[in-house]
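*Asks:* Sequence:
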Amino acid sequence: MAENRSSFKGKIGFVLAAAGSAVGLGNIWRFPYLAAKYGGGIFLLVYIALAVTFGFSLMVAEIAIGRKTGLSPIGAFRSLDRRFTFVGVLGALVPAIILPYYSVIGGWVMKYMLGFVTGSAHEMANGTYFNSYIGETGEPLVWFLTFIAITAVVVLFGVQKGIEKVSKVMMPVLVLLTVFISIYTICTMDGAVEGVWYYIKPDFSKFSIMTVVAAMGQLFYSMSLAMGIMITFGSYMKKEISIEKSTRQIELFDTGIAFLAGLMIVPAVYAFSGGDEAALGQGPGLMFVTLPKIFEVMPGGAVIGAAFFIMVFLAALTSAISLMETVVSVLQDKFKLDRKLSCLCVLGICLLLGVPSSFGYSVWSEVKILGMQLLDFFDFASNSVLMPIIALATSIFVGYVLKPKALIEEVELGCEFKWKRLFSVVIRYVAPVCILVILVSSVLGAFGVIKI
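When we follow the numbering used here, the leftmost residue of the sequence shown carries the number 2, and every step to the right adds one.
The set of hints was computed from the structure by calculation and includes no laboratory data. Careful, some of the hints might be misleading.
Within a straight-line C-alpha distance of at most 16 Å, the following computed EDC-like cross-link-like pairs (lysine to aspartate or glutamate) qualify [unchecked claim]:
{"no.": "1", "residue 1": "K240", "residue 2": "D380"}
{"no.": "2", "residue 1": "K207", "residue 2": "E278"}
{"no.": "3", "residue 1": "K421", "residue 2": "E410"}
{"no.": "4", "residue 1": "K406", "residue 2": "E417"}
{"no.": "5", "residue 1": "K246", "residue 2": "E417"}
{"no.": "6", "residue 1": "K12", "residue 2": "E241"}
{"no.": "7", "residue 1": "K246", "residue 2": "E413"}
{"no.": "8", "residue 1": "K404", "residue 2": "D82"}
{"no.": "9", "residue 1": "K38", "residue 2": "D277"}
{"no.": "10", "residue 1": "K38", "residue 2": "D380"}
{"no.": "11", "residue 1": "K240", "residue 2": "E417"}
{"no.": "12", "residue 1": "K239", "residue 2": "E410"}
{"no.": "13", "residue 1": "K38", "residue 2": "D204"}
{"no.": "14", "residue 1": "K202", "residue 2": "D82"}
{"no.": "15", "residue 1": "K294", "residue 2": "E140"}
{"no.": "16", "residue 1": "K240", "residue 2": "E413"}
{"no.": "17", "residue 1": "K369", "residue 2": "D380"}
{"no.": "18", "residue 1": "K10", "residue 2": "E241"}
{"no.": "19", "residue 1": "K239", "residue 2": "E413"}
All chains should be built: construct the whole structure from the sequences, respecting the hints.
*Replies:* So this is what it looks like as structure tokens:
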């Protein structure tokens with residue numbers, strides 16, 4: 002590991018920071034509606050099975066690459082094999098693309114959080130409020146800048162004093178809020194218990210290959226794989242900490258929050274809509290349009306709505322911090338910049354890409370790429386194209402060039418690697434096939450060839 006490189010103080014700090022990266026907006030709205038769409042309990046079982054095999058192996062590989070080299074994505078791949086430097090470049094590019102538009106959405110969350118806290122819940126429950134708000138030019142931009150500024154302040158303080166310290170506070174609060182809102186929703190809304198059953202009951206009639214594809218796609222999105230984040234965080238990890246145990250704990254946090262998010266949202270929407278499945282498949286509209294309406298009719302809904310958007314803000318912020326830290330780390334390693342200057346450069350990148358993403362719903366709404374609004378295009382390019390390509394190249398590199406044994410030796414520095422056989426099989430044979438399926442289905446789905 003590079004001398005004088007920042008590091009997490011201990012295992013808890015690493016796990017909470019990495020879990021904070023994994024737990025983001027995708028857990029809050031994307032996981033619940035996919036579970037409802039693809040058979041409830043069946044989707045949950047498929048997702049968990051993939052998380053403990055496919056997701057586990059990819060995360061172990063990325064963390065081990067980071068710790069073995071002590072470098073961020075570009076330097077890590079270059080040091081292991083110069084021919085695969087391009088994988089590190091792509092890994093650094095993904096968070097640089099995601100962070101700006103993610104911060105635009107984070108700004109939306111802050112707007113709603115403040116609105117519910119200050120008593121504007123009724124106004125926000127209006128069905129036209131959200132589209133009217135994002136169609137404005139000035140206010141969404143201000144909230145975007147506020148969100149990215151908060152993120153930058155945390156990252157500026159460094160790994161231990163910034164990211165680790167903040168994660169130790171925000172993650173427990175996020176978990177407690179999630180549990181509280183889930184229980185409150187189920188206990189206070191008429192019909193919510195039927196919604197719970199709808200959410201967790203396996204519906205075998207909905208199972209298909211697309212159930213597996215959707216679960217794999219969510220796994221990527223949810224666990225911060227192929228973004229360079231786990232490589233960067235791995236480079237801050239001390240040698241005596243167990244990579245295997247830490248990965249399991251990160252998975253537990255991530256899957257647990259995703260499941261609880263479903264218990265918050267699916268029963269409430271199910272009860273509110275009278276069992277209308279279409280109401281669950283609205284994407285971001287579910288959070289910003291449907292849920293405010295539900296909070297308005299729910300007993301104590303104004304308070305619960307405020308707690309919900311505080312929770313969503315914490316989830317969005319922890320993910321944004323990890324995205325920014327990855328890009329900052331790349332700039333520090335590549336150009337030998339100090340942390341302050343690196344943060345300023347990343348803020349410049351965010352302005353360059355974030356402003357168009359924000360304006361894409363207002364003054365630049367007519368500007369589209371491949372028929373997509375600017376924010377949607379950046380999301381498609383990063384999540385549906387670049388991330389599967391990075392993961393495919395990483396699995397091929399680890400499986401057939403570097404060889405699994407090299408990373409198994411790194412993992413076993415902390416303690417015995419109990420699942421090393423599974424790791425070898427998945428990274429060499431299962432992961433490449435699964436990732437190729439995700440890539441092809443995502444691209445075909447985006448162009449309307451298949452329906453996902």
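*Asks:* For K207 and E278, compute the direct alpha-carbon distance and say whether it is at most 16 Å.
*Replies:* Between K207 and E278 the Cα gap is close to 13 Å, so the pair holds against 16 Å.
*Asks:* Against the 16 Å threshold, does the CA-CA distance of K240 and E417 hold or violate the hint?
*Replies:* Status holds; Cα separation ~13 Å.
*Asks:* Please verify whether K294 and E140 have alpha carbons no more than 16 Å apart.
*Replies:* Violated, at about 22 Å.
*Asks:* Starting from K38, check that the Cα of D204 is at most 16 Å away, please.
*Replies:* Roughly 10 Å separates the two Cα atoms, so the pair holds.
*Asks:* Is K240 within 16 Å of E413, Cα to Cα?
*Replies:* Roughly 10 Å between the alpha carbons, so the hint for K240 and E413 holds.
*Asks:* Assess, step by step, whether the Cα of K246 is no farther than 16 Å from the Cα of E413, and give holds or violated.
*Replies:* Given pair K246, E413 holds - Cα atoms ~11 Å apart, limit 16 Å.
*Asks:* Can the restraint linking K421 and E410 be considered satisfied, given a maximum Cα separation of 16 Å?
*Replies:* holds (10 Å)
*Asks:* Please work out if K38 and D277 have their alpha carbons no farther apart than 16 Å.
*Replies:* holds (11 Å)
*Asks:* Compare the distance between the alpha carbons of K240 and D380 with 16 Å, and conclude whether the hinted pair is satisfied.
*Replies:* violated (35 Å)
*Asks:* Hey, K369 versus D380, does the alpha-carbon distance stay inside 16 Å?
*Replies:* holds (13 Å)
*Asks:* Please work out if K38 and D380 have their alpha carbons no farther apart than 16 Å.
*Replies:* violated (21 Å)
*Asks:* Taken at face value, is the distance from the CA of D82 to the CA of K202 at most 16 Å?
*Replies:* violated (47 Å)
Taken one by one, the earlier hints fail for this structure at numbers 1, 10, 14 and 15, listed in ascending order.
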